[in-house]
Amino acid sequence: EDIESTSDGETETIAVYKVTLDNDKIIFIPADQDVMAYSEDGEIQSKLAEALEPGDVILLYSHEQNREMFDSVVQRTQEISGVDTRVISLWKTALKSLREKYDIKNPNSLRAYLHDLKHLNCQKTEQAAKMWLKGTTLAPRDQIDIETLLHLVEFKNTQFVTKLVHREIEKTRIFHRVLGRRLREKLSNLIRGENAQMVSSEPLEREIDEILEMAEPTAIREISKDITFVQKSDVKVNVLG
1 EDIESTSDGE TETIAVYKVT LDNDKIIFIP ADQDVMAYSE DGEIQSKLAE
51 ALEPGDVILL YSHEQNREMF DSVVQRTQEI SGVDTRVISL WKTALKSLRE
101 KYDIKNPNSL RAYLHDLKHL NCQKTEQAAK MWLKGTTLAP RDQIDIETLL
151 HLVEFKNTQF VTKLVHREIE KTRIFHRVLG RRLREKLSNL IRGENAQMVS
201 SEPLEREIDE ILEMAEPTAI REISKDITFV QKSDVKVNVL G
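For the sequence shown, my numbering gives the first residue as 1, with consecutive numbering after it.
Treat the hints with caution; some may be incorrect.
In silico DSS-like cross-links for lysine-lysine, where the CA-CA straight-line distance does not exceed 25 Å [unchecked claim]:
(1) LYS186 x LYS156
(2) LYS92 x LYS225
(3) LYS134 x LYS18
(4) LYS105 x LYS92
(5) LYS130 x LYS118
(6) LYS171 x LYS124
(7) LYS118 x LYS134
Restraint-style ranges between C-beta atoms, simulated for each label pair [claimed, not checked]:
(8) GLU79 x PRO107: 41 to 49 Å
(9) ILE227 x LEU60: 17 to 25 Å
(10) HIS151 x ASN23: 39 to 47 Å
(11) ILE174 x SER89: 28 to 36 Å
(12) PRO217 x ASN108: 33 to 41 Å
Rather than coming from a laboratory, the hints here were simulated on the basis of the structure.
In this text, a Cβ means the ideal position worked out from N, Cα and C, and glycines have one as well.
Please build the complete structure, drawing on both the sequences and the hints.
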């Protein structure tokens with residue numbers, strides 16, 4: 001049930017997806033949040049909340065834990081992996097503009113999106129193009145496709161920005177691969193009933209292991225198809241994004 005804001009502004013509501021976890025816990029994930037999701041194919045991907053699927057493993061951490069400590073570890077991993085977060089933020093702004101221009105849930109808008117891509121000589125399949133718009137993947141793998149999406153939202157200095165985005169996305173994918181590998185090892189240990197702390201000599205792996213020590217990996221059982229609105233205070237669990 002949707003909750004409306006009161007006229008005096010005391011009740012702040014936000015758009016969320018309702019997620020039921022394997023442990024029967026129900027959480028709310030803000031609709032505009034990027035989430036690190038580990039799927040059965042063994043890869044970590046950055047997805048929008050609406051692109052999450054049953055079976056995806058997400059990393060949760062509660063407000064009781066030290067938020068500043070968690071954020072500082074995440075920041076250190078980005079520094080070690082060399083990712084320029086300003087460029088990633090710029091790319092996410094472009095994607096937000098793309099989703100404001102084209103609504104994947106509106107058949108006419110989706111057709112217009114696919115038509116515009118074809119007009120710009122995009123050679124990828126409709127399925128791949130839909131994944132970009134839905135947010136199932138952080139970015140296209142090919143530089144030419146990143147440039148095409150930037151053209152769709154009339155981004156300035158497209159060629160220059162495309163090179164920057166492609167470079168930083170590749171660094172991000174390296175980070176995701178290491179995170180996915182370490183998470184897979186942690187999940188294997190949990191399945192075997194082993195809770196020994198993982199030890200690595202690699203700086204990036206050590207920082208990632210610290211993230212995994214603070215976070216609780218949990219599988220999604222079900223996610224709502226539609227957005228709902230809840231009080232901001234009801235969003236009690238943070239998800240690694």
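Structure-based check of each hint:
1. LYS186 x LYS156: violated, 43 Å
2. LYS92 x LYS225: Satisfied, since the Cα-Cα distance of roughly 23 Å is no more than 25 Å.
3. LYS134 x LYS18: holds, 18 Å
4. LYS105 x LYS92: Holds. LYS105 to LYS92 sits at ~20 Å (cutoff 25 Å).
5. LYS130 x LYS118: Holds, at roughly 13 Å.
6. LYS171 x LYS124: holds, 23 Å
7. LYS118 x LYS134: holds, 18 Å
8. GLU79 x PRO107: 41 to 49 Å: holds, 44 Å
9. ILE227 x LEU60: 17 to 25 Å: Holds - the Cβ-Cβ distance for ILE227 and LEU60, about 20 Å, lies within 17 to 25 Å.
10. HIS151 x ASN23: 39 to 47 Å: The hint (39 to 47 Å, Cβ to Cβ) holds, given that HIS151 and ASN23 are roughly 45 Å apart.
11. ILE174 x SER89: 28 to 36 Å: violated, 19 Å
12. PRO217 x ASN108: 33 to 41 Å: At 40 Å between Cβs, range holds.
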